[in-house]
Every structure is written in C-alpha cells, then in structure tokens.
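Asker: Residue numbers for the sequence shown follow this note's numbering, beginning at 14 and rising by one.
Treat the hints with caution; some may be incorrect.
Capping the alpha-carbon separation at 20 Å, the derived lysine to aspartate or glutamate pairs in EDC-like fashion look like this [to be verified]:
(1) LYS65 - GLU257
(2) LYS424 - ASP250
(3) LYS919 - GLU939
(4) LYS440 - GLU875
(5) LYS392 - GLU257
(6) LYS426 - ASP176
(7) LYS763 - GLU584
(8) LYS113 - ASP867
(9) LYS839 - ASP916
(10) LYS820 - ASP176
Have a look at the derived ranges for each label pair, beta carbon to beta carbon [unchecked claim]:
(11) GLN228 - GLN838: 20 to 30 Å
(12) LYS780 - ASN131: 27 to 37 Å
(13) ASN131 - ASP927: 23 to 33 Å
(14) ALA313 - ALA128: 54 to 64 Å
(15) ALA313 - THR859: 32 to 42 Å
(16) MET342 - GLU542: 47 to 57 Å
Simulated from the structure, these hints should not be mistaken for lab results.
Positions of the beta carbon are idealized from the N, C-alpha and C atoms, including for glycine.
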Amino acid sequence: MKAHFKHMMLLLAFFASATTLRAQQMPPIPVDKNVRIGQLENGLTYYIRANKRPENRANFYIVQRVGSILEEESQRGLAHFLEHMAFNGSKNFPAGDDGKNMISYLETIGVKFGANLNAYTSMDETVYNINDVPTTTAGAVDSCLLILHDWSNALLLREKEIDKERKVIHEEWRTRRDASQRMIDSIAPAIFKDSKYAHRMPIGLMSVVDHFEPQVLRDYYHKWYRPDLQGIIVVGDIDAEEVEQKVKTLFGSIPKPENPAERVYEQIPDNDEPIVAVATDKELSNSNVMIAFKRNIIPADRKTTMDYLVFRFATQMISRMLSDRLQEMLQQENPPFAFAMVMNSSFFGVHTKDALQLVGVSRPKEAEVTIATLLRETKRAHDFGFTEGEYERAKANYLSGMEKLYNEREKQKNGYYVQQYVQHFLKNEPISSIEDEYNTMSQMIVPNIPVAAINQIMQQIITDKNRVVVLMGNESEKATFPSIDRIREIIQEVDREKLEAYTDNTVQEPLLAQLPPKGSITNETTDAERGVTVWTLSNGAKVAVRETDFKQDEILMSGFAFGGTSVIGNEHLAEIKLINDIVPEGGLGNFSATDLKKALSGKHVGVSTNVDQYNQNVNGTSNVKDLETMMQLLYLRFTAIRKDETAYKSIVGRLKGILPMLTSNPDFVFGDSLTSTIYMNDPRVSIPTVEEIESCNYDNLLELYRARFANAADYTFTFVGNVSPAQLKPLVEQYVASLPGTTATAMYDKNRTPERKGIYNNHFMRKLETPKATTAIVYSGDMAYSPENIIRLSALSQLFQMEFTDKIREEKGGTYGVRVQSDAQKIPTEGFSLQFRFDTDPSRRTELVDAINDVTKRLQTEGPDAQMLQKVKEYMLKQHADNLKENGYALRNLQEYLIHGIDREKDYVKYVNDLSIASLQQFTDELLKQNNRIEVSMSSQE
14 MKAHFKHMML LLAFFASATT LRAQQMPPIP VDKNVRIGQL ENGLTYYIRA
64 NKRPENRANF YIVQRVGSIL EEESQRGLAH FLEHMAFNGS KNFPAGDDGK
114 NMISYLETIG VKFGANLNAY TSMDETVYNI NDVPTTTAGA VDSCLLILHD
164 WSNALLLREK EIDKERKVIH EEWRTRRDAS QRMIDSIAPA IFKDSKYAHR
214 MPIGLMSVVD HFEPQVLRDY YHKWYRPDLQ GIIVVGDIDA EEVEQKVKTL
264 FGSIPKPENP AERVYEQIPD NDEPIVAVAT DKELSNSNVM IAFKRNIIPA
314 DRKTTMDYLV FRFATQMISR MLSDRLQEML QQENPPFAFA MVMNSSFFGV
364 HTKDALQLVG VSRPKEAEVT IATLLRETKR AHDFGFTEGE YERAKANYLS
414 GMEKLYNERE KQKNGYYVQQ YVQHFLKNEP ISSIEDEYNT MSQMIVPNIP
464 VAAINQIMQQ IITDKNRVVV LMGNESEKAT FPSIDRIREI IQEVDREKLE
514 AYTDNTVQEP LLAQLPPKGS ITNETTDAER GVTVWTLSNG AKVAVRETDF
564 KQDEILMSGF AFGGTSVIGN EHLAEIKLIN DIVPEGGLGN FSATDLKKAL
614 SGKHVGVSTN VDQYNQNVNG TSNVKDLETM MQLLYLRFTA IRKDETAYKS
664 IVGRLKGILP MLTSNPDFVF GDSLTSTIYM NDPRVSIPTV EEIESCNYDN
714 LLELYRARFA NAADYTFTFV GNVSPAQLKP LVEQYVASLP GTTATAMYDK
764 NRTPERKGIY NNHFMRKLET PKATTAIVYS GDMAYSPENI IRLSALSQLF
814 QMEFTDKIRE EKGGTYGVRV QSDAQKIPTE GFSLQFRFDT DPSRRTELVD
864 AINDVTKRLQ TEGPDAQMLQ KVKEYMLKQH ADNLKENGYA LRNLQEYLIH
914 GIDREKDYVK YVNDLSIASL QQFTDELLKQ NNRIEVSMSS QE
C-alpha cells in the first residue's frame, strides 16, 4: 500500500505542480500547541488540554488498543466482559462491603452512569469515559484520575462480581441479538474471509460468557491492559500543567511490562475475485445492499505530512459527490432503490482496512436493480469522473463547514478535542489546531486541487480487485433475491457496460425571483431580565429574538402555531399520515428538491416544517453569513411549496414497498401494539397502510398543508443565537411580516385522539428468532403543567432509573437495563406519562414486573432513598448550569414562555433544591393513585 499511496500523492502533486503544492514542499502537519502530549517510561501515552467549554467541566478517558480481535477462540466475549467488570470493583473503589463504590461516588458529584460514565468495546479498541466532571468539586479531578489508574491496572475481578455480571451480559446479548446483529454474524465469515475478524464480534459467545473460569479473565486483563497499549486523555477546565504532573506521578508508578505479548494487528486478505454474500432473516424489515471497494489503510507514518490531508480531502469529495448523485436518483418516478448513501471509512469498523462503501435499501423484488445501479454509478464516476459543477458544490459545502468550525474555534466543547485525541492515539490521525487546519485547507489545499486530480484518485481507489457485495433481506424476499452466482454475473455485466457521462443540471436563479412587499413592526417590547425583544408584526405574527454569545456562528429559529392534524377530519386520514413525508419531496418555488440542494451549496442553512398532532411548526438553523437565506427559505416554506408529480410517485412507490415490511421487525410490532393500546386503536396514530397510500390525494394533501401555514397571525417565531435585534429587524420585516396573515384563529381539537384510562393489560405471544420478552408499563393522568411539577417529574424519572439499575439489573441480573421515559404534557390537556420498558428472558418476565411494581409502590408510599435523591439533585443542577449556555435550550425555553407562559429557568435551582423525600412521595402518590396503568408485553413462543 505504501507504493500505491505514493503513486496517488505524486499524481496529486503533478496536478498541483504550478501551485504551492509541489511534492518537495509538502511540510509536516503541525500539531496543536495547546495539547500536552507525552509518553511515560512505561509506554503510557497522555493527552492533556485546558478548555473552558463548558466551564468548570472536564472529560477523562482511557483508550486501550485492545479489543475482541485479541481473544483466542476459548475467550470470545472476554474483552467486552472485562469492560463491564471495570465498573464492579477496583483497588481504590472496591465497592460492596470493601469500600467506596465507583459509580456511587461519581453520582454524588453529578456524574450519571450511562449519560456521563460509560465505555464501549469494539474489535480493535476499548474506550472508557467519565464526562462532564465538575472540576470545582473538591477532589473530583484527583478521584477521576484515580479511576483511570484503576481501570489501567488495578481491577479486582472478584469471582462473586464476575458471576453476577454473567447474567447482565447474557441479557445484553438478548437485547442486542436482533436481525441486524444476526445478519452481521452471518456475513462476517465471507466479508472477513481468512481473518480472525470473521469470528470476533465483541459480544462473544454465551457459552464462553456463562462458563469461563474467573482466572482466565484475570489473565486476559493482565496480558493486554498495560501502559504501552493505553492512552490517557483529559480535556476541560483544568490546570493542564498541574494535571500533567499528576498523570506522570500516578501513572508512572505502573510497572513497565516485561516481555509483553505482541499486539498484532490482524490483516484482512486482498481478494482478486469479488466476495459475495447473501443472507436472510425473518425479522429484517428491509433489503439492504452493501458494496465495498476495499483498500489498505494509509500507514500511520504517512499521516504526518500534508499529502495525507490532500488524500483525505480527495476521498471526502468522492464520497460526497457520488452520494449526491444517488440522492438525485431518488427523485425519479421509479427510483432503483428506496435509499442510498456513500461512505469512505474503515471497512466495517476494523482498523486495518479502509473502503469506499455504498449502502442501498432496495424496493421489494428489486434487489438486482439496486445492486446493478450502485455498481453502475460507481463505474460511471470511475470512467468519466465528476463534473466541475459537482466539484464546486462539494468544495463549497466542505469550506462552509470548515469556516463555521473556524468561526466557533473558541467555543468548541471538550468532546470535540477528546475525539481527535482518541483517533490520534489509535490511528495517528492529525491533530492540528482549528486555525492551522482551516488555513491549510482553505488557502493551500482546496483551491489548488483540480477536479481532474479527484477523478484520477477515483480511478485509483475503484478497481476490479478487493470488491465486496453483500445482500441482506427478509426471508420472505429470498425467492426474489439473486443467487451468489447471479450477483457475480451482474458484476461482470456492469463491468462490460459502455456508459455515458453524468449530466449535471442546475437552476441558475435566486431563491426568490422577486422580493415580497415588506411588512412592518407595529409594536416592540423588551424583557431586560431575559434579554429578549418581542415584536408584533403588521400581519399579526409575533417574533422574539434573544442574542447570545454561546456560539459565534449559530442562529436557531422556531415558529409555532396551534392546530396540527387535530383540526383535520378522518376523511383525510391518508393525507394526515403522509403530509410530513410527501411535502418536502416537491421542493420550493422554482426548485425541485434536488435543485434546491444544489442551490444551497456552500451555505450552512436549513429550514423544515412539520405538522404534528396538535400544532404545526417550522424550524431553522444558519450561520451568521447565511441568515438571509434562512429567512428566504422560511418565506418559501409558508408560501411556495412545490408540486412535483414525479417526486410524488417516487416517494409513494418507496413507501408502499418499505412500510409493509416493518411488520417483520419485532421492535416495530411491539411499539405499534403499545401505541394502539394507549390510543385505543385510533387509526390516526398507526402507520399508513398500502391502501391508504394509494388513496392519498396529492392535491388535497398540499392544500391541507397550505391551510396549516396560511395565516402568519397564528404563529410565534423565536430566534436565538449570534444575532442582534437590529440585525434581524429588516429581515423580519422583509420575510416574516410579509407573510399572509389576518387575525389569530388557530386552536386544536383536544378530543381528537383520546388516551386510554384505567387499568389495562395487553399480553401477546409472537414467534421470535431470539427468545425474549419485551414489556412496557405506562402510567398516565392529570398533572398541572408547572415548572415545579416538570422538575419533580424529571427527578422521579431519574430516581426510577437508578432504582431499576440497582434492583433489576445489578441485583437480579434480569435485564440489560430498564429504560425510563417521562413526559410532562401541556396540550391537549395538562398531564403526564411515565413509561418503564425492558427486555428479559420470557421465564423471568413476571418476576421482573413484580420487582418493578415493588419499587413503584415503595416510592409511592415511602418516597425515594435520601442518597439517591441527593445524587439526582446534583446531576440536575450540574446539567442545568451547562444547558444555560446552549442555544437550543434557550430557544425551547423562550418559546415555551411565549406560548404557554411557563418559565423553566427562573426558579429552577430553587425548585431542585426544594425536592425532598416527603414532597416526592406526595407527588408520586398523586400521579399513581389515579390508577391509569397500561402494561403491554410481547413474549416469544416456546
């Protein structure tokens, strides 16, 4: 691969020979000076960076160059099992009767398990994280460093804890063992032929998980968890020099391994002939095609100079332009697939192979068409390259993203830098400063790489070698699938085709050919406490603007009006269900959906509309430069939706093929059953049937949409971000006050879709490929919609989550996790919902429901545990402080204040601090004693 890569770099240098990109002038990629990087004598690498976004927070990571690929056959699943055990006792956090519990301690400082404290295992790496740690809390930084130290080499791995965790991991296997996972297991021996990757999925074998001897896990841990394979990353509001010294002292004490086992990077062999795999499953809800053009990774030592940035940019352009071509084909009356995209990344996530990968979802009985089309369009791009117009648009979008990143370089959060350092440690990816990368790409590289060079790279990475074609689908489609031999024939047929070059068509005109007559602002008020200016417009609309400095290049917009589908009769049931899917397919004004995308190239902007059950809304985002474009799109969304019969037939055909197949997916079936139970089989909340899709009237649908957006007086528009009232005012007059509007008339029908009351059970059986019982318990009822109650409900939800994690997952090992969701409802009537959902072994379903009921009854009669409540309060206060610096949070709160008169920010801290065992016991009792409880379960047949 080194010779291959060198050839491509020389090729690019040739095309840039008259510019600054001469081969002999390609300098090294600079490393960001703001990150401290070092390696200790024992081999451990560290990255430390001070960053104040968010303030008083830091992230702590340990990255291991260790994954399931290092397991022997008798160890399959141990890498992932070890990740679980890292939370179950270590030298300094032994837990149980032996001392402090790691998870419990972190929760006392507002670091929540799952949300802030987590880990993952892949085939090539294992990564642990502690995020959003409050650095002003005494001892927090030192304790988190100590946790990283213990993860590194001081886990206890006690037999009792290992045996408990076997049950949890078995339940994780049960939850994750869906059709997609079974498909991956089925195709892995083919796509990873002659490689250990074929049999090293991280979850492993349950026969190993259930029966391995504890010493085997300890031996694996001491063999592979060692400093020369570990990277420590700390980013946040810290004293970087002080933390660096602590890292050197703490981690320097870990002994250097003697005669360590070699960390061998498993290779995936090249293939001269295409690898083809076909797999089916009864529960897969669509037919998926994946075509990959494999290539060896760029060697780590070749990622340190500018030529790597050139190559990386070229491959990004290729995947972006080819993906745009496939998206354009979706607008055809009979598109060759229901969905398609292109990625240029690692081959199925492994570290030793990259690939250009095309993914498509075929329509029923058309898998051959999808396969041939993806191959054909790749060949077309290979044979003829991309056009100047395509390349200019792709470059414009790339540079727009770079510019936004540069403008917000002082506002990047800790996670942005952490992920850079993770990839640098694992793959030696560049870690330039944002300024250096922006200057290099925007001034040196992008302007000097012609489309001819990109096209030559396309010819280099797409060859007749190293091709992989995978077809996965529902077993009911198997008879229509091409055989492996037939797919090989399709590949050969496409290889022999004589194609024509792609024709690039664009509409060269402004979004608005003529500006609308301006409206005016008839009244202005200011709220100094909130920093908000509110305008009443001549058309009756209201506009509120709040200028913030949370991000330098972000403006968010939202518009809200009551009504939604609740005011549309059941005679338009088909249109109600399809309105949000179909309207965007037509485009806006004189622009088809494809032409609109092309016209917006280089602009960081987007506006969408949605008709919900009780309201309709419009949402937008833009950078500062493209604010007027966002306002124009807003105007067009209200006044100029476009009818496109071809696009309509395309989306209808795709939906008719895809939606019926969803009933193959057990998760969909369960969700649909739960919804039907809650809403008493109301047809308005079910997915469209084929008959409804066919009965939909396009003209009626468009008119129903227009009616929802016909009267601007019904709307309240909210703008938050780096925009002042003075900057926004003329744009509001031009594009919002000019919208048609009279007198506000919008209201919703609160009786349109009533919910079930009382006690109700719906238990049903279904034949499942993986034995499993899925259960949901839903409580609902009346609740005054107030800031205090919203906070109480949120706290109660978190308390239930902690209780279930402790009692159901950890103590009983009965499930991978109980998911808890809550919702405070203002419309159509004030109320609440509280839902618990879990998967388990069918034989244990009743046992776990009883355990959940016991927890529920205890919180209703006794209130929460005091320590748990304090942990919840710590997390809520910490999260609220962080949220106050987010534009999205500010937008939602301001909109709710304007529409519902609810101020979620004003007394938030007071309400959280006022939470008590007594108040939450009383609150829980008030909710649950209404006796509205629904239980739905789906169990596999024996």
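Asker: So if I understand the rule, the pair passes when the alpha-carbon distance is 20 Å or less; does LYS113 with ASP867 pass?
Answerer: Outside the cut-off at roughly 27 Å; violated.
Asker: Would the hint linking LYS820 and ASP176 be met if the CA-CA limit is 20 Å?
Answerer: holds (16 Å)
Asker: With the threshold set at 20 Å, check whether the alpha-carbon distance from LYS763 to GLU584 stays at or below it.
Answerer: holds (18 Å)
Asker: Is the hinted pair LYS839 and ASP916 satisfied, with a Cα-Cα distance of at most 20 Å?
Answerer: Within the cut-off at roughly 13 Å; holds.
Asker: LYS392 and GLU257 were given as a pair; does the straight-line alpha-carbon distance stay at or below 20 Å?
Answerer: violated (52 Å)
Asker: Take the C-alpha atoms of LYS426 and ASP176, compute the straight-line distance between them, and say whether it is at most 20 Å.
Answerer: Roughly 39 Å between the alpha carbons, so the hint for LYS426 and ASP176 is violated.
Asker: Cβ-Cβ distance between LYS780 and ASN131: within 27 to 37 Å?
Answerer: With a Cβ separation near 34 Å, LYS780 and ASN131 satisfy 27 to 37 Å, so the hint holds.
Asker: Measuring from beta carbon to beta carbon, are ALA313 and THR859 in 32 to 42 Å?
Answerer: violated (54 Å)
Asker: Within 23 to 33 Å: is that where the Cβ-Cβ distance between ASN131 and ASP927 falls?
Answerer: Cβ of ASN131 to Cβ of ASP927: about 31 Å, so the range 23 to 33 Å holds.
Asker: Decide if the proposed pair is consistent with the structure: LYS65 and GLU257, CA atoms, cutoff 20 Å inclusive.
Answerer: It holds: about 17 Å lies between the C-alpha atoms, which stays within 20 Å.
Asker: Falls inside 47 to 57 Å, the C-beta gap from MET342 to GLU542?
Answerer: Between MET342 and GLU542, where Cβ atoms are some 53 Å apart, the hint holds.
Asker: Check whether the Cα positions of LYS424 and ASP250 lie no farther apart than 20 Å.
Answerer: Holds, because 13 Å separates the two Cα atoms, which is no more than 20 Å.
Checked against the numbered hints above, the structure violates hints 3, 4, 5, 6, 8, 11, 14, 15; every other hint is satisfied.
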